[in-house]
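2 protein chains.
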Amino acid sequence: MEPVLIDGAWRPATSVGSFRAADPASGAPLPCEFPVSAWDDVDAALAAASTAARALGKLPGSARAAFLARFADRIEARAGELADTAHRETGLPRAPRLADVELPRTTGQLRQAAAAAAEGSWSAPTIDTKANIRSILAPCGPVAVFGPNNFPFAFNSAAGGDLAAAVAAGCPVIAKANTSHPRTTQLLAEEACAAVRETGLPAATVQLVYRTGHEDGARLVADRRLGASAYTGSRTAGLALKAAADAAGIPIYLELSSVNPVLMLPGALAERLQACIDEFVDSSLLGAGQFCTNPGLVLLVGSAAAEEFIAGVKTKFEARPPAPLLSANVCASLDASVRTLRKAGARLLAGGEPGSPGVRYAHTLLRVEGDAFLADAEAFQTEAFGNAAVMVVCRDTAQLAACIGLLDGNLTGSVYSDTAGADDALYDRLVPLLRPKVGRLLDDKMPTGVAVSPAMNHGGPYPATGHPGFTAVGIPASLRRFGRLECFDNVRPARLPPLLRDANPGAGDTRAWRSIDGVWTRENVGAPLPRL
Amino acid sequence: MEPVLIDGAWRPATSVGSFRAADPASGAPLPCEFPVSAWDDVDAALAAASTAARALGKLPGSARAAFLARFADRIEARAGELADTAHRETGLPRAPRLADVELPRTTGQLRQAAAAAAEGSWSAPTIDTKANIRSILAPCGPVAVFGPNNFPFAFNSAAGGDLAAAVAAGCPVIAKANTSHPRTTQLLAEEACAAVRETGLPAATVQLVYRTGHEDGARLVADRRLGASAYTGSRTAGLALKAAADAAGIPIYLELSSVNPVLMLPGALAERLQACIDEFVDSSLLGAGQFCTNPGLVLLVGSAAAEEFIAGVKTKFEARPPAPLLSANVCASLDASVRTLRKAGARLLAGGEPGSPGVRYAHTLLRVEGDAFLADAEAFQTEAFGNAAVMVVCRDTAQLAACIGLLDGNLTGSVYSDTAGADDALYDRLVPLLRPKVGRLLDDKMPTGVAVSPAMNHGGPYPATGHPGFTAVGIPASLRRFGRLECFDNVRPARLPPLLRDANPGAGDTRAWRSIDGVWTRENVGAPLPRL
Numbered sequence: 001m002e003p004v005l006i007d008g009a010w011r012p013a014t015s016v017g018s019f020r021a022a023d024p025a026s027g028a029p030l031p032c033e034f035p036v037s038a039w040d041d042v043d044a045a046l047a048a049a050s051t052a053a054r055a056l057g058k059l060p061g062s063a064r065a066a067f068l069a070r071f072a073d074r075i076e077a078r079a080g081e082l083a084d085t086a087h088r089e090t091g092l093p094r095a096p097r098l099a100d101v102e103l104p105r106t107t108g109q110l111r112q113a114a115a116a117a118a119e120g121s122w123s124a125p126t127i128d129t130k131a132n133i134r135s136i137l138a139p140c141g142p143v144a145v146f147g148p149n150n151f152p153f154a155f156n157s158a159a160g161g162d163l164a165a166a167v168a169a170g171c172p173v174i175a176k177a178n179t180s181h182p183r184t185t186q187l188l189a190e191e192a193c194a195a196v197r198e199t200g201l202p203a204a205t206v207q208l209v210y211r212t213g214h215e216d217g218a219r220l221v222a223d224r225r226l227g228a229s230a231y232t233g234s235r236t237a238g239l240a241l242k243a244a245a246d247a248a249g250i251p252i253y254l255e256l257s258s259v260n261p262v263l264m265l266p267g268a269l270a271e272r273l274q275a276c277i278d279e280f281v282d283s284s285l286l287g288a289g290q291f292c293t294n295p296g297l298v299l300l301v302g303s304a305a306a307e308e309f310i311a312g313v314k315t316k317f318e319a320r321p322p323a324p325l326l327s328a329n330v331c332a333s334l335d336a337s338v339r340t341l342r343k344a345g346a347r348l349l350a351g352g353e354p355g356s357p358g359v360r361y362a363h364t365l366l367r368v369e370g371d372a373f374l375a376d377a378e379a380f381q382t383e384a385f386g387n388a389a390v391m392v393v394c395r396d397t398a399q400l401a402a403c404i405g406l407l408d409g410n411l412t413g414s415v416y417s418d419t420a421g422a423d424d425a426l427y428d429r430l431v432p433l434l435r436p437k438v439g440r441l442l443d444d445k446m447p448t449g450v451a452v453s454p455a456m457n458h459g460g461p462y463p464a465t466g467h468p469g470f471t472a473v474g475i476p477a478s479l480r481r482f483g484r485l486e487c488f489d490n491v492r493p494a495r496l497p498p499l500l501r502d503a504n505p506g507a508g509d510t511r512a513w514r515s516i517d518g519v520w521t522r523e524n525v526g527a528p529l530p531r532l
Numbered sequence: 001m002e003p004v005l006i007d008g009a010w011r012p013a014t015s016v017g018s019f020r021a022a023d024p025a026s027g028a029p030l031p032c033e034f035p036v037s038a039w040d041d042v043d044a045a046l047a048a049a050s051t052a053a054r055a056l057g058k059l060p061g062s063a064r065a066a067f068l069a070r071f072a073d074r075i076e077a078r079a080g081e082l083a084d085t086a087h088r089e090t091g092l093p094r095a096p097r098l099a100d101v102e103l104p105r106t107t108g109q110l111r112q113a114a115a116a117a118a119e120g121s122w123s124a125p126t127i128d129t130k131a132n133i134r135s136i137l138a139p140c141g142p143v144a145v146f147g148p149n150n151f152p153f154a155f156n157s158a159a160g161g162d163l164a165a166a167v168a169a170g171c172p173v174i175a176k177a178n179t180s181h182p183r184t185t186q187l188l189a190e191e192a193c194a195a196v197r198e199t200g201l202p203a204a205t206v207q208l209v210y211r212t213g214h215e216d217g218a219r220l221v222a223d224r225r226l227g228a229s230a231y232t233g234s235r236t237a238g239l240a241l242k243a244a245a246d247a248a249g250i251p252i253y254l255e256l257s258s259v260n261p262v263l264m265l266p267g268a269l270a271e272r273l274q275a276c277i278d279e280f281v282d283s284s285l286l287g288a289g290q291f292c293t294n295p296g297l298v299l300l301v302g303s304a305a306a307e308e309f310i311a312g313v314k315t316k317f318e319a320r321p322p323a324p325l326l327s328a329n330v331c332a333s334l335d336a337s338v339r340t341l342r343k344a345g346a347r348l349l350a351g352g353e354p355g356s357p358g359v360r361y362a363h364t365l366l367r368v369e370g371d372a373f374l375a376d377a378e379a380f381q382t383e384a385f386g387n388a389a390v391m392v393v394c395r396d397t398a399q400l401a402a403c404i405g406l407l408d409g410n411l412t413g414s415v416y417s418d419t420a421g422a423d424d425a426l427y428d429r430l431v432p433l434l435r436p437k438v439g440r441l442l443d444d445k446m447p448t449g450v451a452v453s454p455a456m457n458h459g460g461p462y463p464a465t466g467h468p469g470f471t472a473v474g475i476p477a478s479l480r481r482f483g484r485l486e487c488f489d490n491v492r493p494a495r496l497p498p499l500l501r502d503a504n505p506g507a508g509d510t511r512a513w514r515s516i517d518g519v520w521t522r523e524n525v526g527a528p529l530p531r532l
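If you read the protein sequences in the order shown, they are chains U and F. Take the first sequence: its position 315, counting from 1, is numbered 315 in the working numbering, and each next residue is one higher. Take the second sequence: its position 484, counting from 1, is numbered 484 in the working numbering, and each next residue is one higher.
Chain U with its partners taken away, still in its complex shape:
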C-alpha cells in the first residue's frame, strides 16, 4: 500500500480501506494500491499544517517563491514519467495535451505564483498615514485542496492552481488526491516534498492523503485549524462539503458544474456559418468535452441557417472518433445525464451510447425546442460532463431572451455576433440578461481556453461556484481567496509586517504596489507622488 505524506514524511496510512485507479484506455485496474485514510491521518495533517502555517508566516514571500520555482523545475525534470503516468491514469493524450500543454501550464502557474509571492501586491497593502491605520491580506491558515479528475497536472491538488495560489499566499496545503489519478498526484507530491526540503520551508507545507470517507472530508473542511478549502468537482460532493464548511464559518471556494451557454446570433451564422460550426465542434469535443468550461448548451433562433448549423455540427460529431473518457465513472455519469436530458424531452441527434475500446462514449448531440426548454429549464441545464451538447432552438428572439432569463449561474457565456453590426441591437438586448449569470463573457470565442491572466475570472454565480467575487484561475487574483484581512491600528513601526512599514521592502519592479492614502504606488510612504 502506498504511503501518505504527513509533515514531510512518507509514512504508512492509518487506513480504513484501499483503492486502485484504472486505465481508461483498457478499463484494467492499475498496479498501485492506495489507502483510504482514517481520520487519524487527516488529524495529523491538520496538526502539522497548523504548526507549518505559523512558521510560514514568519518567512518572507521570497522563501515561498523559491519553493514554488524549485517545484516547477523539479516537475520539468520528471516530465516524461509524469506524462506517462497521467496518460495511463486519465487516458488523456500524452502529447500534445499532457506533455506539451498541461505540464507547461502547470509549471507556468507555479512560476507566476512565485513572482506574486515575492512581490506581494496580491495582499493589497493599504496605508492611511493620517490615522496611522494599515491593513493587508494575510495568509488565512492551512488550506485543504480537493482536485478534479480532468486536469491531472494543472488543477492537481498537489501541484495545480489552487496549491500554487495557497502556498504563494503563505498557506500550507493539505492535498486530497483525485482518486482517478492517485499515482500522478503522488509523483507531484514527491517533487513538492523534495522542493520543500531543498528550500527550507516547513515540512508540512505540502501534505497528501489520497482518499477519506465522506464524513471525514466534511469534518476536514469544518475543522477550526483550517483556514479555507478549495474544491473543484461535481456539484453533489461540492455542496455537501460547502454545507459542512459554512456551518463552521470556514470559507470554502467551489468550482462546480457549468453548462457554459453559447448564443449563436443570426448574423454570425449568416456571416460565417462554417467557422461557427468548426469553432463550436473543436471546443465541444476538445479533451472529450471534459472541461469545466465546455460549451454544453447552444441557444439559437430557429431559421434555415440554424438548421444548417445543427446539421453541420451533427455531421462532424458523427465523423470524429470518440476519445477515451477519464474513467468509467465519468462515462456512467455522462450516460445518466444524457438519459435525464432525453427523459425531459430532448431529441437525440447523434451518439447517446457508450463506445469502445476502453471507456468511451459516442459524441452526443441533443436538441430541444424553446417551448420545451422554458417549460423545464432546470432539467435541460443538466450538465452532461463529457462529449455531449444540447442545442436549444427558439421560436424568435423574444423566446431566446426568455430562455436566457432562466439560465442558472455559469462559469462562462459566449456570444457569437456578426462583425458588420447586424446583430448589435440583439446583442444589446440579450447580453444584459446573460451578463449577471456568467463569470466570464466572451465575444466570438469559445470558452474552453482559460488563460492564466491577471484579469481572468474562472468563477461565477452560484451554483457554478460558491461565491461570485473570487476566481480560481489568474494570478494574483486567485491568491485573494486565501487572504484574511488584518488591520494594524496605531501599531508601532517595528512591529508592522514589512509590507506595511513606511519603507517598501522590495526593490525596483519587485516592490509591491501599495495603496497609500488612496494612491497606488511602489514608493515609500512620504515619497513624492509620480507625475500623472
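Just so you know, the hints here were simulated from the structure itself, not pulled from any lab data. We put the CB at the ideal spot given by N, CA and C, even for glycine. Incorrect hints may have been included.
Stated by the list, open to error - Computed far set for chain F versus chain U, every beta-carbon distance over 12 Å:
| # | residue |
| --- | --- |
| 1 | Ala38 |
| 2 | Asp43 |
| 3 | Arg88 |
| 4 | Ala245 |
| 5 | Thr397 |
| 6 | Gly409 |
| 7 | Gly439 |
To be verified - Pairs of lysine to any residue, SDA-like flavour, derived with a Cα cap of 20 Å:
| # | chain 1 | residue 1 | chain 2 | residue 2 |
| --- | --- | --- | --- | --- |
| 8 | F | Lys437 | U | Ser50 |
| 9 | U | Lys445 | F | Lys58 |
| 10 | F | Lys445 | U | Arg495 |
| 11 | F | Lys445 | F | Ala420 |
| 12 | U | Lys437 | F | Lys445 |
| 13 | U | Lys58 | F | Leu433 |
| 14 | F | Lys445 | U | Arg492 |
| 15 | F | Lys58 | U | Asp428 |
| 16 | U | Lys437 | U | Asp408 |
For chain U, the structure is supplied; the task is to place chain F on it using the hints.
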C-alpha cells in the same frame, strides 16, 4: 399604522401584526405603530429591487454619487428632528453623541461613498492587454440590510455604512429596520426616498420594511433575486440568517458579537497604571458599553500592579452613574450574560443588577482566574453586550499565552505595552497567537473608535463575522462585499463597461485606478508609464 416604502411609494403594509418602540429612559411605549410585514411586502420589494438593479447598472457612478451626496445634505437639513427621534428611541444622548458625533459620521460616510462611486477604483478594473481579457467588480444585485440597535444613524439599514457601500457599488437596498428605532429609520428612509427622486435614480433604490417574521427574514436572504445581505446584530439571529443564505449560495456578510480582548502587559501597568485604568474605563463605559468593539475581556498577569488596575477600574465603575440602555431587551440580555458568567465561576466585583430610572444596569465588573478560564473558555467569552467587563488574571505569562490560544474570533484585540521595551519580548511571544484571532490589532489604544479609514477592518474571523476577508467599515474596501467579479474575454471595445475601455473615462484625480498589465495607473491603456 405607519406605511412601508416599496418601489418609491409609502404605502400601507400587508401586515401580520404590529409593534411599537419604547423610550428606554422611561420604559414607556412610543406613539407610532409599525407593521410586521407579511411576505407580500418583501416579495414586492424584491421584485422592484430587481428592476431597479438593472436600471442602476446602466447609470454611471456619478449618478449614484449625486444621490448619496444629496441624501447626506437632506439628513443634515433634518438633523434636529433626527437627533430628537433617535434620542427618544434609543436613550443615547442627543449631544454630543447623536447630533455631534454619529450624525456627522453618517453623512461623512455617505459623502465618502459618493466619492468612491464617482471615481470607481473600488471595482479594481484589471486589464490584460496582451490577452485582451478585462475584469471588474460589478454590482451583485439587490442587497438586504439588517441594521443593529446600537447606532441609529451610522449603521442604520436605511442610511448607514452598509447602505452607503451597497448603493455606491450600484446595488439597490432593501432595508429592514431595527425594531428598537423604527421611527428614526422611517425618517431616514423619507430623506433617502426624496433624494432618490431628486437625483433621478430608480424608485426602488432604497426600500424599507420594519419587521418580518423570522421565516420571512430567512426567505428574504435566500431569495434568488437578491445579490447579498449585510447583517449587524446578535449571533443567534445572524447565524440563522447565515444558514438560510448559505444554503441558497447567496453571500451574507455578518458582523456579530465580539468580546474584543485587551492584553494589559506588566510593563504598561508599571509605566502608566492610571492611564491604563482611565483609558479602559472610558472605552468600556462609553455609550453604556453598547459597541461591537467594546473591550469586554481584559487579560492580565497576576501581580500587585494587576490588582491595583482592577481595583482602580472597580472604583471608577462604582463611582459613575449608569446611563440608559438601548432597550429593555438589551438590559435583559445583559443580565442573562452576567448570570452565565457568574454561573461559570466569574466573581462579581461591581454591579451585577439592573438600575433605575428607566432601563439601566449597574456598571458590572467580573473577575476570573486563569485556571478557571482555561477550564471553560467558551463560557467566559460569553458576550455581555453593555456596560460589563471581565478581568482574567493569569498565574504567569505561560498561562496568559494559553488563554489567548483559546480565544474565539474577534473584531479587535488590543495590546498595552510599555514604551521603553520591557514588554517587547512578551509582545513578540503573545501577538503571533492573538493576531489570527482578531480583525484589527491595536497597540496602546482602546478599540471603541472605528475610524472610517480606507485601511480599517471592521471584521474578523468567525464568529465575529462570517468571512475573514471583508470589512463592514472603511471606504472603498466595504464596497467590495457587494461586487461580483465580471470578466470580459475578447469583448469588442464599444461593448465594454466604460471603466474597462482603453480610455479611462474619468478626469484628473477622479479617474479610477486600474491595474493595466500589472501596473496600477490612472492613465489610459497605452499611455507611457509614470517614472518611478
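So, going through the hints one by one against the coordinates:
Taking the minimum C-beta to C-beta distance to chain U, about 27 Å, the non-interface status of F:Ala38 holds against the 12 Å cut. Its beta-carbon lying about 18 Å from the closest one in chain U, F:Asp43 satisfies the requirement of being farther than 12 Å from that chain. The claim that F:Arg88 lies off the interface holds: its Cβ sits roughly 33 Å from the closest Cβ of chain U, which is beyond the 12 Å cut-off. Remark: the non-interface label on F:Ala245 conflicts with the geometry, its nearest Cβ contact in chain U lying 9 Å away (cut-off 12 Å).
Its beta-carbon lying about 18 Å from the closest one in chain U, F:Thr397 satisfies the requirement of being farther than 12 Å from that chain. Non-interface status of F:Gly409 relative to chain U is broken: a Cβ of that chain comes within 12 Å, the nearest being about 8 Å off. Under the 12 Å C-beta cut-off, the non-interface status given to F:Gly439 relative to chain U is violated; the minimum distance is some 6 Å. Taken as a hint, the F:Lys437 and U:Ser50 pair is honoured in the structure, with Cα atoms around 14 Å apart against an allowance of 20 Å.
Taking the CA atoms of U:Lys445 and F:Lys58, the gap is near 25 Å; set against the 20 Å cutoff, the hint is violated. Among the hinted pairs, F:Lys445 with U:Arg495 is consistent with the structure: their alpha-carbon atoms are about 15 Å apart, no more than 20 Å. With a C-alpha separation of about 17 Å, the suggested pairing of F:Lys445 with F:Ala420 holds against the 20 Å cut-off. With a C-alpha separation of about 46 Å, the suggested pair U:Lys437 and F:Lys445 falls outside the 20 Å cut-off, and the hint is violated.
Annotation: proposed proximity of U:Lys58 to F:Leu433 holds, straight-line Cα distance about 13 Å (limit 20 Å). For the hint pairing F:Lys445 with U:Arg492, the CA-to-CA distance comes to about 11 Å; that is within 20 Å, so the pair holds. Of the supplied pair hints, the one linking F:Lys58 and U:Asp428 holds, its CA atoms being roughly 12 Å apart against a limit of 20 Å. The straight-line distance between the Cα atoms of U:Lys437 and U:Asp408 is roughly 6 Å, inside the 20 Å bound, and the hint therefore holds.
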